[in-house]
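In the order they appear, the protein sequences are chains A and B.
For the first sequence, the working numbering assigns the number -3 to the initial residue and increments by one for each residue that follows.
For the second sequence, the working numbering assigns the number -3 to the initial residue and increments by one for each residue that follows.
Hints may be right or wrong, so weigh each one.
Which copy is meant is left open, because identical chains are indistinguishable; a pair holds if it fits in one copy or across any two.
No more than 20 Å apart at the CA atoms, straight line, and that leaves these computed lysine to aspartate or glutamate pairs for DMTMM-like [said to hold, decoys possible]:
no.: 1; residue 1: Lys362; residue 2: Asp(-2)
no.: 2; residue 1: Lys355; residue 2: Glu115
no.: 3; residue 1: Lys219; residue 2: Glu115
no.: 4; residue 1: Lys0; residue 2: Glu63
no.: 5; residue 1: Lys362; residue 2: Glu63
no.: 6; residue 1: Lys355; residue 2: Glu383
no.: 7; residue 1: Lys256; residue 2: Glu294
no.: 8; residue 1: Lys0; residue 2: Glu115
no.: 9; residue 1: Lys355; residue 2: Asp291
These are calculated hints, taken from the structure and not from any lab test.
Protein chains: 2
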Amino acid sequence: MDFKAVLHVLGAMLIFIGGSLTFPIAVSLYYGDGDLYPFVTSLVIIIISGFAFWWFTPADRELRSREGFAVVSFGWLALAAFGALPFVLSSASLSYTDAFFETMSGFTTTGATILTDVESLPHGLLFWRSFTHWLGGMGIILLSLAILPMLGVGGMQLFKAEVPGPSVDKIQPRIQDTAKILWGVYVMLSIVESTLLWFGGMTVFDALCHTFGTMATGGFSTKNAGIMHFQSAYIEYVIAFFMLLAGANFALHYRFLQRKATAYQKNTEFRSYIGIILSVTLFLMVITHIQNFYDYSEAFRKGLFQVVSLMTTTGFHSADYELWSTPAQFLLVMLMFIGGCAGSTGGGIKVVRIVLIFKHLAAQLKRLVHPHAVIPVRLNNKSVSREAITDILGFLLVYMLLFAISSFVMTLMGLDLISSVSTVISTLGNIGPGIGTIGPTENFAHIPAAGKWFLSFLMLAGRLEIFTVLIIFNRHFWIR
Amino acid sequence: MDFKAVLHVLGAMLIFIGGSLTFPIAVSLYYGDGDLYPFVTSLVIIIISGFAFWWFTPADRELRSREGFAVVSFGWLALAAFGALPFVLSSASLSYTDAFFETMSGFTTTGATILTDVESLPHGLLFWRSFTHWLGGMGIILLSLAILPMLGVGGMQLFKAEVPGPSVDKIQPRIQDTAKILWGVYVMLSIVESTLLWFGGMTVFDALCHTFGTMATGGFSTKNAGIMHFQSAYIEYVIAFFMLLAGANFALHYRFLQRKATAYQKNTEFRSYIGIILSVTLFLMVITHIQNFYDYSEAFRKGLFQVVSLMTTTGFHSADYELWSTPAQFLLVMLMFIGGCAGSTGGGIKVVRIVLIFKHLAAQLKRLVHPHAVIPVRLNNKSVSREAITDILGFLLVYMLLFAISSFVMTLMGLDLISSVSTVISTLGNIGPGIGTIGPTENFAHIPAAGKWFLSFLMLAGRLEIFTVLIIFNRHFWIR
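Bound-form chain A, shown alone:
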């Protein structure tokens, strides 16, 4: 392990994050509602720490895959650890546990919150809270389309060929080009959404913060009632549409913008994603119309919004879905497992893995009938290697195992059965709310401190496709 090379990169990340505090500082200056001093203090501490790491370590060493894993895992950890400072120093004066949880929730684009009254917070802090989503979303796009495919985590190698940018063998130039292209798409979509939300009657501040929550599939809101606060069908549809885009592969958006009009419809994952969203929405429309007396257009809108929000792992709510019937809630929980598409800012297992698993199972059934036939699994008309399938099956199992073990851990914290399971699905899938005591109208404030640290770990593990984090606990990782 080349610790120094890792620290060098971490230092650079901290300088970047420290610098990004200038945005909430600007917001604080504009609104003049306090917290300027805590932000400036945080900025100074973070940038100095970053410089210290960066300065005393050698520059420009080539990173091997092992250091890649370390940079990613410890990088996100460092962001949460230092990014939590403003929450501790500000007038919100959170405990470090709560501040760390909230910031990890932000950078991992989870959106789980321990704050009970966000509307009482100064604008600068609320802006920083939502901004951590947006920065985390940038990180995830880079990670899932440029870094993890090269490290070969959980079948992500499948997407090596899918990403835009010149094909150069050295890691760094390729990462930089891919990043620039995809971040361009991300920024552009963010500008369009915030403009549309502003047109819809939001203040510029609310429009920006909700855009950050949407495009990163995060889910932090500046209002206690979340999206329900605005009581606007227009806003619900705009946010639903952009959540849908944020939960799809950004490489597809890029291709579409390059006038490849069929990019979406040719992509198996995207078709399945839309298929799942539409069929569950229609089911919810009927069932909530009957049970909750919504008219059909409201039932469709509420259903669509909630399906898109939970499946993309955003976690906004436009209705208290805990009042819906048991089958409706069950389906929403299943969507939380599936998650968004690979290469999106969404979390969860990812649609493409679910698709490949179903294809694999169909092939396995066929093989039982025709033991000697060769039955390949195909995706987007390309044959998928047996190794990739095994990796994906392994990923799914680790996901389910971690889910089961973690739920047990949460029962030890005194939570009831449904809430234990739900807190884990919600944090491991980077969603935010769930069912039980962390439903859409509740929050994570009541979880004991040990539980908050544990759930923070799950957010990180889920966000980094689990293996990236698990590998750190492997003894072989540290040898040599």
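Based on these hints, arrange chain B on the given structure of chain A.
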């Protein structure tokens, strides 16, 4: 599909099951408490139907693997369909739905019951009810150690080399020899257990019925309060010990009886099985001691009994574990997923699959660190093929998928979330009781009829390692 050859075998199975009704008839004659006439009628109907199938179909055609699957799936179905007759015709006068559910629960060694007052039933019927367990257990031993390994279901091919008996290539002679050896072990253990239970104060009738429930890991009792009725630590320990044996691989028992003293300790699956049982028992001992005020020896006994009962998928209870704390209940549910060992009468996923999955994941983590290393997965000092691992991963996924989809189906029947999930775990894993509205002191009577049919299907699917049943729904299965 050679339908006639399949029908021929089904006919023979029905004749055998019809003939086995002579045992409850003898019990009825002895106690003289009714139901003689319904049993004789059932016997005549079943044997005549069996003869009709058998007589009009050609004898001794070689079965291909496809017909093997059909015989197994439709065989179990026919047993439940015809074996339900005594429940309908007798003084219990169940609806056909209830009778089918109860009989399927018997033959699949599940032990889920729709009967609310078993003590009011005549002895003959109670005997038949428990006897279906024992016959089902015989079928499962044959299936899991002789038939499924040849058909290559869910990694069962791993055990091809493990089973006793001469290695002949033709299916039939090998099956017969293996069956005779293992059934010998099964009968012998049953005799020992019923003798010990009789010594412990049970009547011969109760001793036999509870032995059937134990050795088949079924769980039907002749008492409304189950094992709690007897209030005897001796009986609890005897039953726990034989459940433990019934949940282990019968090929191991055979080898041990052949004076291979190290058979158990050399077997990785058995060691893991014991390891899981002991560690969960110790955890439960401490937690129930603290929470439920048991003294340590009672806490150990209650814990051990419940762990063994649920993990082996028997489903007896010696305490109302729904009064235990949430972490305790959560662990018990996890054990219900794991299930017994391969080659036992236990259901669930099977310990060996869980063991191999953990080994596979460890290997996958190592491969991420050393991308070019060859890291084989080994079981009992033999390397396991990548195909077997993929089959096992596939099995687990199908298990989880079927679990998720079926839980959704049960929410549609109006059950609450926990009961929906619990009815599915309990039937798919062939356990019997669960948590929620089907807890140890409750039963399945309140489930709507559609739900009872659906759960019957799950019992069958779970018992036959899922693929054996799923394959029937595959279009390719029926072609040619």
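The hints, checked one at a time:
no.	hint	result
1	Lys362 - Asp(-2)	between (48 Å within a copy, 19 Å between copies)
2	Lys355 - Glu115	neither (47 Å within a copy, 50 Å between copies)
3	Lys219 - Glu115	within (6 Å within a copy, 61 Å between copies)
4	Lys0 - Glu63	within (10 Å within a copy, 64 Å between copies)
5	Lys362 - Glu63	between (42 Å within a copy, 15 Å between copies)
6	Lys355 - Glu383	both (15 Å within a copy, 16 Å between copies)
7	Lys256 - Glu294	neither (34 Å within a copy, 71 Å between copies)
8	Lys0 - Glu115	neither (43 Å within a copy, 74 Å between copies)
9	Lys355 - Asp291	neither (38 Å within a copy, 53 Å between copies)
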